[in-house]
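S.K.: Protein chains in written order, with our numbering: chain A, 1 to 371; chain B, 372 to 550; chain C, 551 to 741; chain D, 742 to 1487.
Think of the hints as simulated: they come from the structure by calculation, not from any bench.
Everything numeric in this text was worked out from a predicted model, so none of it was measured.
Heads up, a few of these hints could be off.
As the list claims (entries may be wrong) - Listed next, the in silico DSS-like pairs over lysine-lysine satisfying Cα-Cα at most 27 Å (straight line): (1) A:K234 / B:K420; (2) A:K325 / B:K397; (3) A:K243 / B:K420; (4) A:K325 / D:K1294.
To be verified - Between beta-carbon pairs, the in silico distance windows are: (5) A:A300 / D:P1316: 46 to 52 Å; (6) B:D500 / C:T727: 50 to 56 Å; (7) A:A348 / B:G438: 38 to 44 Å.
Yeah, the Cβ is synthetic: ideal placement off N, Cα and C, and Gly gets one too.
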Amino acid sequence: MSKIDEVRDYELFIGPNHPGIAGNYSFKMKLRGDKVLSAKTDAGYLHRGFEKLMEERLFIQNIAIVCRICVPDPDPNENNYARAVEEIAGIEVPERAHWIRTLVLELSRMASHLFSLGGHAATTGLYVLANWTIADRDRIMELFEELTGGRVYHIYQLPGGVRRDFPDGFGRRVLEVMDYIESRLPDYDDLAINNSLFIKRATGIGVITKEQAISWGVTGPNLRACGVAADVRKDDPYEVYDKLDFEIPTMTEGDSYARMIVRRKELVQSINIVRQIIDKIPSGPVWNKIPNPLKWKVPAGDAYVRTESSKGEYAYYMVSDGGRKPYRVHVRGASTTHGVHVLENLLAGSRIEDASQIMFSLDACPPEVDR
Amino acid sequence: MEYQKENSIIEAMQLEFPEAAFTVKKARRIEVKLPSKRLYDFAVRMQKKWGFLHLSAISCVDWINDGEFELVYHFWNYDEKVLVMAKIRIPREKGDSHFETISNLWQPAKFFERDIHEMFGIYFDGSEDMEGFILTDWTGPPPMRKDFITREYALNFFHYREYEPQWLKDMMAAGEGNE
Amino acid sequence: MDEKITQRSVWEKISAKLSKRSLWMLHYCTGCGAIELPPTMTARFDMERFGINPMVTPRQADILLITGYLSVKTLKRVVLTYEQMQAPKYVVGFGSCTINGGMYWNSYSTMKSLDRYIPVETYIAGCMPRPEAIIASFNELINKIDRGEANSWKDYYNNYNFYKENQEHTFEGPIETYNDIKADAALFNIK
Amino acid sequence: MSENRKGSILKPFKALKFIGEKPVTIRTPFENRPTAPRYRGFHVNDQEKCIGCGTCAEICDNDAIRMIEVPGLEPKVGASNLRPAIDYGRCCWCALCVDVCTTNSLNMTQEYTHVSDDLDTFFMFPDSEGIHKVEFPLGYQASEDSNFLDLERVEMEELSAEERGDSFVEIVKGFSKEQAMAEASRCVACGLCTDTCPAHMNIPEYIEAIWDDNLSEAGRQIYKTNPLPEVCGRVCTHKCETACSIGQRGEPIAIRWLKRYAMDAIPADQYGDINNLKVVKPLGKSVAIVGSGPAGLSAAYYLRLMGYKVVMFEKYPEPGGMMRYGIPEYRLPYDALDKDINYIKEVGVEIKCNTTVGKDVNFDDLHRDFDVVLIATGFHVGRSTRVPGTDHKDVFQAIDLLSKITKGEDIKVDEKIVVIGGGNVAMDIARSLARKQRQKYGKVNLIVTSLESRDIMPADDEEIEEATEEGCVFYPGRGPVEIVIEDGKIQGLKTNKCVSVFDEQHRFSPKFDENDIKLLEGTMVVESIGQGPDMSYLGDYSDKLEMDGRRMKVNEFYQTSMDWLFIAGDIIKGPDVINGIAVGHQAALGIDKMLEKKHDIFFHSIFQVLSKSLKFEENCRKSNAKFEGKFSPVINTMLVEMIKKSEDLEKRIKRLIENPNVLIHLDEKLKRPQEADYFERFVVEETVDENISEKDFLKLVEKKVRTAFGLYHDLEKLTKNKELEFLFGYLKDQKKAQLERIKKLL
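Assemble the whole structure, with the sequences as input and the hints as a guide.
M.R.: Written out as C-alpha cells, the structure is:
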C-alpha cells in the first residue's frame, strides 16, 4: 500500500445497536476513507437456542415459542411448524383452515412490508414515511388482535388447523382495512417512492446481478428485484395459493431501489389476495383435533417445509423419532443468506454512507440468523 | 404415472449414482440416501449438470443412539421446481468430527457449515471461515449435541427468582390462623 | 433501594420537574420487545408528547430499555452501555424475560433475572408489553422522577460489588468497561 | 411508481393535504384502551369450578404455573386443595392452559397493564375478581370445539342382552391394543384418581406405561399397591373414575378396563420377573391369616414380600372368599381370579383350604404357633328382614344361593321369584337367577324390590341397567310387610310404599305409607338386604377385645387392642374389594412395623428417597462444590445439610441398603388416612429401581419437590412453611421426641 493509502486505512466497528438493520447486529469494517474495503458480520446477540429449546418441549408447546424467531414476520414460522408436523404425522387440515392460514400469512407479509418500507425510507432520513407506514401497520395489528388474541405473536396456527374461527363481522373489517391501505399507497408513492431525492439515494446502491443472486442463494423480494420470478407460493405451492391468482412482481436492476419497488408492488398483490380469500373462503370446521397433547406422539419421519415469508424463502427441516417431542428442528431463515454473506459482498466496495441503505434494503432479520 | 417429473429426475441420477437410494416422498420432494464420500461428486453434478442451482439449506441431525451425525443437503431446482434432500451419515466422534466443504460450489454453504460447526462440532475441511460467529461468548460444549441438556445447565448456572408475594404471606398466615 | 425518598433541596425539586419532561430513550433495542417500540415512538401512540424521544448515543440518553430477553453476549454490551450512560439514568425492564427468564427460562444463553446485573427502575408485565403498557410505564417513571423516588441508579454505586460479582459469574471472568465507577460515584458524593 | 426513475421534487408536497385531517394519535394511550373481545390478557380463575388438577401447570411450556396449597381448602373426591398461581416473569400468554383446562375455570381477561418496581407483585394468584381486583371483561376463553382434551370414552364392546341372557360367560370383551392405547392417551396424569383410590394405586403411571406400550412397566406399577389386579380390573367400584378430572366435562377415563387390559396382556408366568422379585431372606417370623378374601390375600402377598412366613386358613374348598363365592362368574370369571391367586401362592403364601378356624383348628393354637394373627373372614352370613313368613322353606339368603351356584350345586329355581334388596349383591343374585330361569324355562319372571328409590339404590347404575336389559323387573321404594303363604306355598310378598329411608341425621329409619299396598307374586323369595360377620371362632377372646360401637377398636394399622391380633376386610372397613386390599396392605405394614421394631417407617421413607442417591452421597464426600452444582437449589441444600448434621447417617444408609427388604420397598402411601396429605407425597418414594440413572432420579425428586411444596423455595424460606417444619425439625436434631411428634402427625 502506498504511504498515503496506509494513513487512510482504518477499521470501524458498527453495532450492535441498530446500525440500520432491524435487530442487534454488528459489523467489523475495514475502510479507506469512506470506501468500505471489506466487512465482516458478527451476530449472536439475539441467540436463544430455539432449536435446542424446541427439542425439550412437547409438540403442542412449541407453537408458543416458534413465532418468536422472526419478530416482524412471525406467521411463516407458525405455518412452517404446523405444516411440518402435519406432513410427518399425516394429519388432514379442514379446507377453511387452509384459507384462514393463507389470510394470516398475507396479512403478516403486508405488516412486514409496511414495516420495511418505512424503515428503508428512514435510513435515508425520510422519517415521515416511517411514521405513516407504522401507523397503518397498526391497523393490521388490530386485525390480528381480533382474530388471534395477540397483536404481534399470534400463536394461532397449530398442527391440524387454527385455534379459533373468524369473530363475526371480521371479513367486513378486513376489507375496510384493505381499502384503507390501498388508498394510502399513492400517498407513499408521492412522499417517498417517487421522491427524486430518495430515488437518487437508492439507485445503483447494493447492485446484485441475476447470476450473483442465484449463486449467493438470495431468495424472496431481493431475488425478484434481480429479474428472477421465483416465489415459493408459485413454485412450491402450499395452503391455497394454487387456488388464488396473483402475479409475481419483478424488477431487473437489482439495486436497493428495485428491491423497494418489488416490496411496494407485492403489497398490492397481497391486498388483492386477501380480497380473494375473504370472498371465496368456504365455511366449515377450523381444526382437525389432535389427540391429547400431553401424550401425543408423532410417528418417526422427517419433512422439509418451505413458505415465502416477506424476507424470502423460510424453511423448516423437522425430524421426529416417534416421541412426544420433536427430535430436531432446523430453522432455515431467509436472512441466513441475506444477512450474512450477501451483505458482506455488497458492503465490500460500497461507501459508508450507503451502508445502512444496503442493510435495510435487503430486509434481513437478525433473530433469523441467530435463532 | 403419479410423480412423472420426479421419477424422470431420479432415473437421470440413478445412472451415475447406482449405490444411492432414491425415494419420492411427495410431490416436489425427492429423498436421496448415499454414502458420504460420494456427496461431493453428487453436489457438483447437481449444480453443473442437473440444474439444481439453489442450495436451500444444510441441516444436521445428531443421532446419538446410532453414534452418527446425519447431514441433509437440500437442493432446489428453479426450473424443474423439485427439492432434493441428500442425506449422508458421518461418524460422531467425541471431539470434532470432520467432513469436506462444498462452500466452493455454493456460497450459502459457508454459513450453514459454520453454523453446524458451532452447534455440533463438525469441522468442514476446506471452508475459509470456521471460527465462532454466533456462539463467540459460549465456553460450553457444542450446545446442539444431544448429550448437552440445556435445562440442567440453566438451572445450575443462572439464578432464579424466589417470589414472596403478599397474597402468599396472607394465605400462609390465614393457614396458621385456623390450624 | 432503601433510601428512595431522600430529602431534596429546592433545586433538586425544580430540576426533577424539568428533567421529567425531557427524557431521552437510548435507541438500543436489546430484545424482541423492540417491535412494539416503533408504534410507541411514531404517530399512533406518540410517546414524544411525553418528552421521550429516541437518542442514539448512551452518553446523552436517560432511559435504557431492556426490551425482553438478554443473551449473555448482549448482556455484556448492555453493562458497557449502562456504565457509559450519565447518571441519573433509569432502566425499564420489558416483559417476562427480564423478571424470571420468561420463555427462555431453560435456555443456556439468556440471563434469567435482570436485577442481578443492573438496577432496574420499573418492570412491565407482558410478552411483549403493548404500546399502551409501555407508555403507562413511562408515565409512572415520570411521576417517580417527579416524586424523587427514581433513585435505583444510586444502587449501582452503593452495592457495586454485588453487581460486579454477578456479572463476572455470568461472563465467567471480569469484563473491561473503561469506566471509572468510583469517580462517577464521587460526583454524586456516594462513597 | 416511476419505472424510468425520474421522480419529482415536488410530489412530496402533496403530503400537505393531511394538515386538515384528524390525527391518528390516540388521545389517552395509558388508560386501559378496550381490546378485541378475544384478547389474551391476565388470567382469571374461578376458584369453585377449579379442581386443582394441575393440568394447566403440566402443559405450560414456560413452567410459569405453580400449584399452591391453599390452607383451609379440603381435598375431596375429584378435587385437590391446590390452586394454580401464575408467575408473570415466565408466562408468554399463549393460552395453552386455557384450552387444556379440564373444568374451563381458567380464562383470560382483556386487562394487560401491570407496571411495578416490586418484583413480588409479578407472581399472582388468579381468582374470579382479576389480578388488580378491577373488573375487566373476559378475553380469551375456552370454547367447546377448541379444547385440547378428548372427552369421549372408547366404548368397550359387551355381549348384547340376548347373548348373555342365559349364559354365565363374561359380558365384557376387553380392550384391543389400539382401543387401550387410544383410551390411555386421554389421561392428563393429574393424579386425582390416586388420591381417591382407597389403595392409592399409581394410576397415571400405569396408564402412561400402557400408552408407551410398556406392559411390564404397567404391571410393575399396578403390583406396587394391588396384588389382585385381574379381580379389580373387573369388579372394582372404580371410585377413581368418579374423581377423574376428564370426567368433569366429559366421560372419565376407563381406568378399570385399562387395568384389566394391562393384566390380561401379561401372561401369568411373567408376573415374577415384571416385579423383579429376588428370593427374600426369611426373617424368621410367621403370620397366620384367617380367611382368604381380598383383604387376607393382599396382606399375605405383602407380608410374604417382606420375608415373613405366611399361612392362610380358608373354610371353603377354594381360596378367594367373597370374590369366588359372592361374585357370579359373568362378572368375575374364575380363571382370572385364579391367575392372581396362583401368583400369590407362587410368591410363597401357603393356603390351607377346607380348614375352618374354630373347628379343624382352634384359635388358641394360632395364637401360640404364630407371632401375629390376622383375621379377615368377611361377611358370609346373610341378614334377614324377619318379616312374618321368612322362616318358610322357600325363603333363601342371597349369599347362600350365590355360593351354591359357584360350587355347582343345583338350586331351587321357580318360575316366579321375588328378590328383596337394592345393592350389588341383590343385582348379582337377581341376574344369576334370571339366567337360571332362562336356562330352565326359556323366559325370565323375576321381581326386584328395595327400600331405596331408584336414584339412591346402592348398586352401580350399569348393574341396574344391565339387569333390566336381562328381564328383571324393578319395584324400588317399597318395604316388605309380609310373605303371603296359602296352604304351605308362597303366593307373593306384600309390600308398602316406602316414603323415606333415612331420617334427618341420615340414620336408617324407613317410614312407610300403610295404605299403598302391592302384592308381588312369586313362589320363591330371596333376601339380600345385607350380610354380617360370623366371628364365633374368636371364642372368649371376643370379650377381651375393646369394642368401638359394634366394631373392634383398632389403630391406623388395624391393630386391635391385643397387639398380636390384626383385623382386615369387610369386618372392619369398606364395602368393596379395593377397600379390602387397601386395608390388607395397611395391616401388613402395621405387622411389619410391630415385628421389625427397627424399621421406623417415617425415618425409613426419608432415607429411601435419599439412600437411592448413595452414588450422589459419595460425590458430596469427594468435593462439596461439585455436589452443589449437581442439584437444584432446594434439593442440594437439604441433602448437604443432612449429610453434615448426622454423623451416623452413613452407617444407617448402608444398613438400610444392605437390608434385602429395602429393595422390595413398600409404598408407604397407604399408611396415611383417606385424604391425600400433599406433604406426604414428597417424602414417600415408590420403588425406585437401582439402575435408575442419576439424571432421571434427580428429575423425579425435583418434580416431586415442586409439586409438593408448590413454590420453588429455597431451604430457609421453606422452614417457615407449616407442613415442612417437622422434616427440618428432624434435620436439626435427631432426638427420639422428635420422631414421636412426627408419628403423631402421620
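S.K.: Does each hint hold? Answer for all of them.
M.R.: Against the structure, the hints come out as follows:
For a cut-off of 27 Å, the pair hint linking A:K234 to B:K420 stands: about 24 Å separates their Cα positions. Among the hinted pairs, A:K325 with B:K397 is consistent with the structure: their alpha-carbon atoms are about 24 Å apart, no more than 27 Å. Taking the CA atoms of A:K243 and B:K420, the gap is about 33 Å. The hint is violated against a cut of 27 Å. Taking the CA atoms of A:K325 and D:K1294, the gap is near 54 Å; set against the 27 Å cutoff, the hint is violated.
The hinted window of 46 to 52 Å between A:A300 and D:P1316 holds, with their beta carbons roughly 48 Å apart. Separation of B:D500 from C:T727 is about 30 Å and departs from the stated range, judged on CB atoms against 50 to 56 Å. Restraint check, A:A348 to B:G438: a C-beta distance of roughly 42 Å satisfies the suggested window 38 to 44 Å.
Of the numbered hints listed earlier, those contradicted by the structure are 3, 4, 6.
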